[in-house]
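S.K.: Chain residues, written in single-letter form:
4 protein chains.
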Amino acid sequence: MRTGIWLIGARGSVAVTATVGALALRARLVEPTGCVTESPALAPLLAAAGLAGWSDLVIGGHDVVPTPVLKKAEALGAAGVVPARLVAALAAELTAHEDDLRALPAGAAQADTAGLIAADVTAFRERHALDSVAVINVSTTEPAPPPHPAHADLASLRSALIREPVLPPSALAAYAAFSAGCGYVDFTPSTGARLPALHELALANGVPYAGNDGKTGETLVKSVLAPMFALRNLRVNTWSGINLLGGGDGANLADPAANAAKVASKQRVLSDVLGYQPQGTSRIDYVEDIGDFKTAWDLITFSGFLGTGMRVEFTWHGCDSALAAPLVLDLGRLTAAAQLAGRAGPLPELAFFFKDPLGSSSAGLTEQWTTLVDFARGLST
Amino acid sequence: MRTGIWLIGARGSVAVTATVGALALRARLVEPTGCVTESPALAPLLAAAGLAGWSDLVIGGHDVVPTPVLKKAEALGAAGVVPARLVAALAAELTAHEDDLRALPAGAAQADTAGLIAADVTAFRERHALDSVAVINVSTTEPAPPPHPAHADLASLRSALIREPVLPPSALAAYAAFSAGCGYVDFTPSTGARLPALHELALANGVPYAGNDGKTGETLVKSVLAPMFALRNLRVNTWSGINLLGGGDGANLADPAANAAKVASKQRVLSDVLGYQPQGTSRIDYVEDIGDFKTAWDLITFSGFLGTGMRVEFTWHGCDSALAAPLVLDLGRLTAAAQLAGRAGPLPELAFFFKDPLGSSSAGLTEQWTTLVDFARGLST
Amino acid sequence: MRTGIWLIGARGSVAVTATVGALALRARLVEPTGCVTESPALAPLLAAAGLAGWSDLVIGGHDVVPTPVLKKAEALGAAGVVPARLVAALAAELTAHEDDLRALPAGAAQADTAGLIAADVTAFRERHALDSVAVINVSTTEPAPPPHPAHADLASLRSALIREPVLPPSALAAYAAFSAGCGYVDFTPSTGARLPALHELALANGVPYAGNDGKTGETLVKSVLAPMFALRNLRVNTWSGINLLGGGDGANLADPAANAAKVASKQRVLSDVLGYQPQGTSRIDYVEDIGDFKTAWDLITFSGFLGTGMRVEFTWHGCDSALAAPLVLDLGRLTAAAQLAGRAGPLPELAFFFKDPLGSSSAGLTEQWTTLVDFARGLST
Amino acid sequence: MRTGIWLIGARGSVAVTATVGALALRARLVEPTGCVTESPALAPLLAAAGLAGWSDLVIGGHDVVPTPVLKKAEALGAAGVVPARLVAALAAELTAHEDDLRALPAGAAQADTAGLIAADVTAFRERHALDSVAVINVSTTEPAPPPHPAHADLASLRSALIREPVLPPSALAAYAAFSAGCGYVDFTPSTGARLPALHELALANGVPYAGNDGKTGETLVKSVLAPMFALRNLRVNTWSGINLLGGGDGANLADPAANAAKVASKQRVLSDVLGYQPQGTSRIDYVEDIGDFKTAWDLITFSGFLGTGMRVEFTWHGCDSALAAPLVLDLGRLTAAAQLAGRAGPLPELAFFFKDPLGSSSAGLTEQWTTLVDFARGLST
Ligand SMILES: NC(=O)c1ccc[n+]([C@@H]2O[C@H](COP(=O)([O-])OP(=O)(O)OC[C@H]3O[C@@H](n4cnc5c(N)ncnc54)[C@H](O)[C@@H]3O)[C@@H](O)[C@H]2O)c1
Ligand SMILES: NC(=O)c1ccc[n+]([C@@H]2O[C@H](COP(=O)([O-])OP(=O)(O)OC[C@H]3O[C@@H](n4cnc5c(N)ncnc54)[C@H](O)[C@@H]3O)[C@@H](O)[C@H]2O)c1
Ligand SMILES: NC(=O)c1ccc[n+]([C@@H]2O[C@H](COP(=O)([O-])OP(=O)(O)OC[C@H]3O[C@@H](n4cnc5c(N)ncnc54)[C@H](O)[C@@H]3O)[C@@H](O)[C@H]2O)c1
Ligand SMILES: NC(=O)c1ccc[n+]([C@@H]2O[C@H](COP(=O)([O-])OP(=O)(O)OC[C@H]3O[C@@H](n4cnc5c(N)ncnc54)[C@H](O)[C@@H]3O)[C@@H](O)[C@H]2O)c1
Ligand code: NA
Ligand code: NA
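Chains as they are written, first to last, in numbering that gives the first Met the number 0: chain B, 0 to 380; chain G, 0 to 380; chain Y, 0 to 380; chain R, 0 to 380.
I should point out that these hints are in silico values taken from the structure, not numbers from a laboratory.
These numbers were taken from a predicted model, which means no experiment stands behind them.
The C-beta atom is built at its ideal place from N, Cα and C for all residues, glycine as well.
Any given hint could be a false lead.
[As the list claims (entries may be wrong)] Which bits of chain G does chain R cover? Going by a derived footprint, with three or more residues having C-beta under 8 Å, they are:
1. 234-247
2. 281-287
3. 294-308
[Stated by the list, open to error] Covered stretches of chain B, going by a simulated chain Y footprint (3 or more residues, C-beta under 8 Å):
4. 233-241
5. 289-299
Turn these sequences into a full structure, and let the hints guide you.
M.R.: Here it is in structure tokens:
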């Protein structure tokens with residue numbers, strides 16, 4: 000199966016790390032550490048399902064800035080996000096990759112813009128003779144958009160798009176992806192495909208979608224630690240956290256509206272797992288000099304037998320883009336495979352990858368894993 | 000179902016915390032926080048299986064020291080392990096509880112001692128008209144005993160016990176329990192029932208056994224955090240930890256031989272979950288003044304995509320006895336119920352409770368939970 | 000020397016902890032741990048200077064709530080802030096202490112209120128035949144007041160006070176203290192004596208003042224850790240922190256205006272010590288269930304030789320009132336002694352005690368200590 | 000003033016980091032971050048005292064392994080200890096540096112070996128026309144040697160050195176340095192100059208010496224944090240720590256005897272500052288994969304007012320060689336300057352740099368700083 004991944008935000012940190020990694024994996028320069036689809040438990044099932052191999056995977060995408068990918072990759076190398084020697088070894092491939100990137104087009108009305116986006120994606124699919132393309136949003140997190148009646152159904156949306164801007168960029172990308180017959184994944188907390196009108200379009204065109212917000216750091220730890228308390232019948236009284244990060248994503252999250260979208264998607268796991276919301280909040284602070292190596296600290300206070308109070312704290316020193324990039328490749332390969340297997344509409348089985356998973360009921364990572372394994376098994380049968 | 004729990008080490012911290020808790024639960028003075036058998040997912044299944052209610056549960060036991068239980072409970076109250084007001088409210092019950100405690104007997108040969116232990120347990124069962132009694136070892140951790148040929152089968156063991164001391168105290172207690180027709184649980188890393196000769200006796204007498212070493216702190220966290228790395232296909236390079244604790248258990252662990260037994264049982268979870276052993280060790284240091292509120296710190300270094308190095312550390316400020324005591328009550332109720340349901344031999348389904356579970360293949364807490372829920376369902380059918 | 004301490008906020012956590020402690024010290028029930036004036040290096044100097052002994056120290060004060068001190072002390076005992084057995088032992092003294100507390104009076108104009116406050120303090124001084132009384136503000140942190148021309152000089156202030164409310168409560172208390180011939184200490188980040196008109200009054204009446212904002216937790220650590228980087232010529236790139244606390248003070252700090260006053264006073268130490276302001280902020284989050292045992296976490300990233308990046312983080316689990324209370328007693332005794340030694344105006348030598356010290360140039364704790372020792376030596380000569 | 004630094008262990012991590020740094024500073028490629036002698040408060044005093052500038056500083060040394068310095072520097076670059084681009088820029092200089100390195104010589108008796116060492120150092124001094132050379136030991140930490148009567152005075156030592164090996168390598172290096180008329184600094188916890196016979200020789204030859212064991216991580220933090228508790232009259236109950244490190248130094252410390260030497264030198268600061276020894280120990284664990292970026296974690300439990308228990312913990316993620324190297328340059332420049340200023344015997348004024356300072360009474364970092372500033376002032380007058 001030849002698969003394409005079309006990245007919205009293709010010149011950003013996550014995108015370029017994923018691109019460097021995909022090229023390095025194709026050239027057999029590295030092991031697929033961090034790629035969930037390469038886990039011993041999943042890889043054979045997915046091979047049987049015809050998942051795209053590394054040499055059958057092509058990446059393209061849109062961005063709004065012109066930074067050369069090689070230059071961005073070198074910056075990531077200097078920052079220690081990717082090995083500098085890999086970037087040097089792949090310089091030619093990274094330059095060639097520019098051919099598959101496009102500036103985000105802009106039409107007169109949003110309907111026109113969507114058409115131009117869809118055309119770029121379609122051309123990419125044809126140019127590389129791909130069986131399936133998944134569009135993945137890894138662009139800057141948006142503020143939540145104001146509600147609009149046109150979001151409610153496809154007909155209203157179609158007529159509104161001709162008249163006035165009613166969709167935030169992430170949702171317009173989903174609209175364009177669906178129109179082009181592609182699946183769509185939102186790796187960000189932005190709106191993406193989460194509008195009834197877009198759901199209708201996905202079903203109409205027989206394409207799957209997944210999201211939202213890649214689960215890579217503090218929330219990942221929460222999704223295993225919160226079940227520990229629940230299973231042991233311990234009462235979590237407070238769970239407070241702070242995330243300190245720099246980088247492009249951090250700079251954007253310094254904007255209160257984007258920050259709010261992100262923080263909300265970090266909250267869900269606790270009440271989902273525990274059945275109640277402990278006191279405390281999860282903060283995100285932009286600290287430029289911290290760069291890509293985010294530090295998150297969480298304090299959990301809990302009561303045990305007879306009410307005795309106890310505490311756990313953890314500190315996570317993670318490299319966000321290095322954690323996110325392999326998941327982007329996983330999601331692209333899985334969504335493309337799901338589409339070829341005939342899946343349309345939401346893919347709640349991919350909850351394992353997301354902070355705020357679409358239509359999923361289980362927030363514990365291990366249950367999500369079991370669901371993912373079943374999904375992989377289903378693809379191959 | 001009327002159930003007895005006979006504690007070896009009945010005047011120690013874990014035992015007395017469990018006793019205060021059982022009395023407080025019977026008197027409906029507290030919620031059953033920390034009791035796994037009272038989780039919403041398990042309680043209905045276990046009620047259907049006839050699990051002993053709090054008013055049907057009686058505690059007795061052996062110890063080698065004469066400290067009054069009330070005095071020990073007051074000390075635990077002063078240290079913040081149990082609420083001082085609970086101890087005050089239950090003073091009469093705690094004093095009455097002395098009637099069910101016995102000094103550990105000593106006969107001429109180990110066979111005689113075992114007979115005396117068994118007689119004390121049998122008398123307790125009859126005095127309280129109990130349907131089933133589980134003997135639980137919560138006494139001081141022993142060094143590993145030297146191997147002895149008499150451990151290999153029951154006939155050899157029986158003749159050896161008349162001649163020479165061949166069993167460490169924990170194994171002698173298991174022998175006595177099985178002889179008295181009782182199940183046996185080892186909450187410590189000591190030998191307990193883990194000898195072929197004792198397995199033979201358990202099967203012969205139709206009684207179940209479980210262990211070893213209650214999973215209450217650092218290892219509990221490991222059993223949820225290690226799967227996170229495994230499921231995400233991240234490579235754990237090093238996992239190092241240190242446990243600082245005072246209290247009676249800590250004092251004993253200052254002895255290198257006991258420490259070695261404990262550290263070994265903390266190691267297993269990582270290689271079991273990850274499939275390889277990361278570098279690093281888990282240390283236990285006795286620091287008297289830290290008392291019952293243990294602090295454990297772990298550093299995990301791991302590699303992500305393209306080999307990028309990252310770190311997590313956690314600090315656990317837990318009260319060991321408050322974490323252990325509800326599990327002791329859980330294990331007593333579950334083992335007694337298993338015996339009445341006809342189970343004999345090891346209970347690997349109780350792996351959820353142990354650092355070094357008997358005959359269990361899965362080291363991840365969530366899988367162990369699923370197994371436990373199935374076990375509970377099985378009991379009621 | 001017979002000394003009085005008049006507490007504004009006399010029924011709050013800090014005040015009642017200080018009161019319990021002063022009574023316990025007088026009754027010789029405890030050691031003076033945490034009392035700086037009892038350090039081996041200071042105590043002999045201060046004894047020579049005639050500092051009030053524990054039996055020569057009397058506490059009184061104002062508050063706006065009627066909670067009995069004994070009840071508050073019992074609550075602090077239950078929360079582990081003070082030993083419950085001490086509260087029980089001092090119940091009679093704590094009840095008798097009510098005689099020295101007054102509801103905060105309110106006159107028609109602020110000038111009248113100040114007169115009533117001063118009258119209460121004067122009556123206290125006379126009732127107990129005190130040589131000197133220090134008024135210490137340990138009441139709820141106020142938002143910063145709007146600037147007002149009457150703050151600029153004493154004559155304008157005097158005429159304004161008759162007409163309209165121009166002073167926040169902390170400054171009105173300072174005005175009243177000075178009018179009554181008493182020194183004034185602000186243990187909070189509120190305005191207190193920091194207005195030119197009040198400075199003029201202090202000089203006119205020959206009374207000293209000190210402040211602001213007791214240095215008890217994260218900032219205390221900063222005041223020793225920041226010098227470490229400076230002395231080693233290491234470059235601090237970022238210093239970010241979060242304080243999680245419940246209790247009355249925490250609840251008030253949930254109010255953004257009070258929070259802002261507090262956060263500002265936490266910032267000063269870094270730029271003072273380092274000579275530049277690293278990136279990062281210090282946050283305060285109210286988490287009710289955390290109660291009096293605050294947790295603060297700080298991450299510091301710094302560059303060493305050849306720019307190599309490194310990190311330190313610390314977690315502080317402190318009991319704020321237990322840290323603050325002995326300093327309140329120290330400040331009362333020292334300010335009273337300074338007044339008797341003829342000091343008027345600001346006491347920058349007390350910078351050791353404050354986050355945001357008045358008129359002090361050195362922010363490193365050790366230099367502040369040296370200054371304090373010199374001050375103590377000066378008092379006795 | 001033209002100054003030489005002769006490093007024992009010249010191909011090790013600390014030595015090569017210092018060498019790269021000295022070359023980079025001479026070439027004005029970097030700022031002198033981490034160099035204490037370049038602090039605003041010290042630099043002018045030292046310039047007045049004629050301290051060697053970066054272009055007047057030459058490095059040479061002995062080692063027992065032949066690893067090329069450039070290769071070692073590249074490995075340090077790959078590990079992130081020094082910037083890889085600096086190593087590339089200085090490749091020619093690092094290769095030329097080989098001319099000043101010698102294999103550690105070995106004579107028939109220790110007296111002969113000392114003569115050969117001294118000859119190498121003397122030749123280095125003459126080759127570069129240096130005013131003064133300081134020999135600095137940055138070689139592998141040794142176990143403590145057995146006591147020997149020849150250590151007691153110079154005459155006995157001289158005759159013993161002809162007969163039998165009586166000195167560990169670090170002490171033999173000190174003997175050779177003194178014989179060659181050079182100062183000696185021990186940056187390790189090894190014996191170095193700490194023998195009466197060597198003290199006698201230093202005085203006889205009019206040369207200064209300093210040590211022991213560079214203070215770069217956990218102990219550095221202790222030397223500022225312990226005074227905080229002392230100054231606030233808080234009682235430290237326990238202080239426990241663990242250091243996890245890989246690298247060459249870490250590998251050697253896995254040897255119990257070397258570990259014991261190191262741990263002992265980490266203990267002194269607490270009892271020196273506090274006046275008592277809290278419970279707890281400081282451990283060092285070798286974890287190969289952690290490499291040069293050591294992590295140290297310390298837990299401090301302390302009592303405040305009325306005995307209320309509190310806790311602080313800190314985690315130090317430091318790069319040992321990057322912390323040590325600038326201090327080695329500082330010590331070389333300062334010791335050479337001290338010699339030219341006529342100082343002979345121990346230099347307790349350099350306690351600021353050491354875990355286990357020679358002949359120093361004050362263990363607090365700030366007091367040590369004040370002493371260092373006075374020392375610098377004294378040099379220039
Ligand atoms: N890294 C992680 O661990 C992680 C986890 C979950 C979610 N995310 C999300 O992934 C996204 C990308 O993160 P990043 O660190 O790569 O950020 P980044 O700032 O480095 O990259 C974002 C890219 O999107 C581009 N962009 C902005 N608006 C666009 C638009 N309308 N159309 C096309 N491109 C646009 C930007 O020019 C930039 O190149 C963020 O929204 C982040 O919140 C990241
Ligand atoms: N608390 C936890 O979280 C936890 C977790 C896992 C295992 N454990 C284990 O549980 C055990 C009990 O811990 P604790 O904190 O209560 O210790 P403890 O020292 O307070 O109590 C042990 C008791 O056992 C008694 N004892 C010693 N030898 C005996 C013997 N031969 N027969 C009968 N009694 C004997 C002692 O007198 C003492 O009263 C320890 O082995 C500990 O390692 C505890
Ligand atoms: N605890 C610490 O470590 C610490 C450190 C620095 C500063 N402080 C400051 O000390 C103050 C007291 O802290 P706390 O924890 O005791 O708070 P608290 O809320 O327990 O007590 C404050 C008391 O002040 C009273 N009060 C409010 N307004 C008043 C007024 N106008 N006049 C008289 N009384 C008034 C309240 O009724 C209450 O009893 C706070 O401002 C806090 O920010 C505390
Ligand atoms: N890095 C720090 O922060 C720090 C702090 C205090 C002390 N120290 C000490 O500094 C020393 C050097 O540390 P490192 O990390 O560079 O270690 P390293 O292992 O990288 O280097 C030691 C070097 O010494 C050489 N050597 C061994 N024996 C020798 C001998 N007899 N004569 C000459 N050379 C010999 C080795 O071949 C090696 O090249 C260690 O003793 C360490 O404990 C380091
Ligand atoms: Na930490
Ligand atoms: Na921590």
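S.K.: Okay, the stretch 294-308 of chain G and chain R, do three or more residues pass the C-beta test at under 8 Å?
M.R.: holds (count 4)
S.K.: Can you take a look at whether the stretch 289-299 of chain B is actually covered by chain Y? Rule is 3+ residues, C-beta closer than 8 Å.
M.R.: holds (count 4)
S.K.: Three residues minimum, CB to CB under 8 Å: does the stretch 234-247 of chain G make the cut for coverage by chain R? Let me know.
M.R.: The restraint on the stretch 234-247 of chain G holds, since 5 of its residues have a Cβ under 8 Å from chain R and three suffice.
S.K.: Are there at least three residues in the stretch 281-287 of chain G whose beta carbon sits under 8 Å from a beta carbon of chain R?
M.R.: Our answer is that it holds, as 4 residues pass the Cβ test (under 8 Å) against chain R, meeting three.
S.K.: Quick check: the stretch 233-241 of chain B, covered by chain Y? Criterion 3+ residues, Cβ under 8 Å.
M.R.: Held - the stretch 233-241 of chain B has 4 residues with a Cβ nearer than 8 Å to chain Y, which meets the minimum of three.
Going through the hint list in order, the structure satisfies each hint without exception.
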